[in-house]
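Undergrad: Sequence:
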Amino acid sequence: MPPTRMLQFWQREQLQTKDTYPMCSSHPRMTYTKSQVVDNRVLAEQIHELIVFWKGPEPQAGQFFMLKAERSGVLLGRPISLFWWEPQAFAETALFQGKLSFLIAARGRGSRELCELQKGDTIELIGPLGTAWPEPEGSPSSAQAAKAAASPPRIALVGGGVGLAPLICLARTLPPRSYDLYAGFRSEVYGLEGIDPQKLVIATEDGSHGERGRIPAFFNPAPYHRVYTCGPEPMLELVSRACQQAGVPCYVSMERRMACGVGACLGCTIPTRSGNKRCCVEGPIFDSRELFYE
3 MPPTRMLQFW QREQLQTKDT YPMCSSHPRM TYTKSQVVDN RVLAEQIHEL
53 IVFWKGPEPQ AGQFFMLKAE RSGVLLGRPI SLFWWEPQAF AETALFQGKL
103 SFLIAARGRG SRELCELQKG DTIELIGPLG TAWPEPEGSP SSAQAAKAAA
153 SPPRIALVGG GVGLAPLICL ARTLPPRSYD LYAGFRSEVY GLEGIDPQKL
203 VIATEDGSHG ERGRIPAFFN PAPYHRVYTC GPEPMLELVS RACQQAGVPC
253 YVSMERRMAC GVGACLGCTI PTRSGNKRCC VEGPIFDSRE LFYE
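In the numbering used here, the protein residues as written are 3 to 296.
If you're looking for bench data, these hints aren't it; they were derived computationally from the structure. There could be a bad hint or two in this list.
What the hints assert, rightly or not - Each computed DSSO-like pair below joins lysine-lysine, with the alpha-carbon atoms no more than 30 Å apart:
#	residue 1	residue 2
1	Lys70	Lys121
2	Lys70	Lys279
3	Lys279	Lys201
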């Protein structure tokens, strides 16, 4: 039996007795499940926020899921970073139960199918996958956070387009006004609800909102102790090299086409200073010094 047919058969058999189940030793917290769409919001032209119900391992900011409509014309799911999650309850099994949100751009057939899903439709999920953002060093307690809010933030989040999703997810876990956010868009601004940065810098390529241009032109890493970034690769390289010149640690979330999402197919392998790495397992979060070097 071909590998893809065998996997589909195994999934179908397992679904007869379980709602969710672990799939792979390289991702011990990963689960395959079928779930329902809670909502599908249009945020901008060809940009959707897809909200689904999830019961499984609790995700972390920076991780992603493989998503596919149940009735799909594509074989493989699409890797989509977590935008936010909202817990509803924790069962006795310690499984997370609640809502997951994803920011999706309708670019190809698979992503367009996801953007066309309606409330109540069935969706297939595999996750949570990949690495999470490293926790900021010296993360303050709630008492320290209030005091830190009066001083300049030492953390910068720099993102472009739907690449903002894992950064917004991280921002929702940080104390209010403990970070600055630099957000770049082509034209329409979206996805910035539910966050409280001390400074928000917006840049659009057409100048319709905020500064005119691309966000790296308005970012100076010198005041910060740590930078997190995600977006188009040319932007990541500009931000990473600026951070390296300033001696500021920078972590990037890489975007790659993926087939399996679990490290088996090696389709998302990227070269790093220490050898080839699988973006879906060793990433998508990397130290920028591993990726952008002379």
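Undergrad: Could you run down the list of hints and mark each one as holding or not?
TA: Hint check results:
For the hint pairing Lys70 with Lys121, the CA-to-CA distance comes to about 15 Å; that is within 30 Å, so the pair holds. Distance restraint check for Lys70 and Lys279: the Cα-Cα separation of roughly 25 Å lies within the 30 Å cut-off, and the hinted pair is therefore satisfied. Only pairs whose Cα atoms come within 30 Å are accepted, and Lys279 paired with Lys201 is rejected, the gap being roughly 35 Å.
In terms of the numbered hints stated before, the structure departs from hint 3 and from no other.
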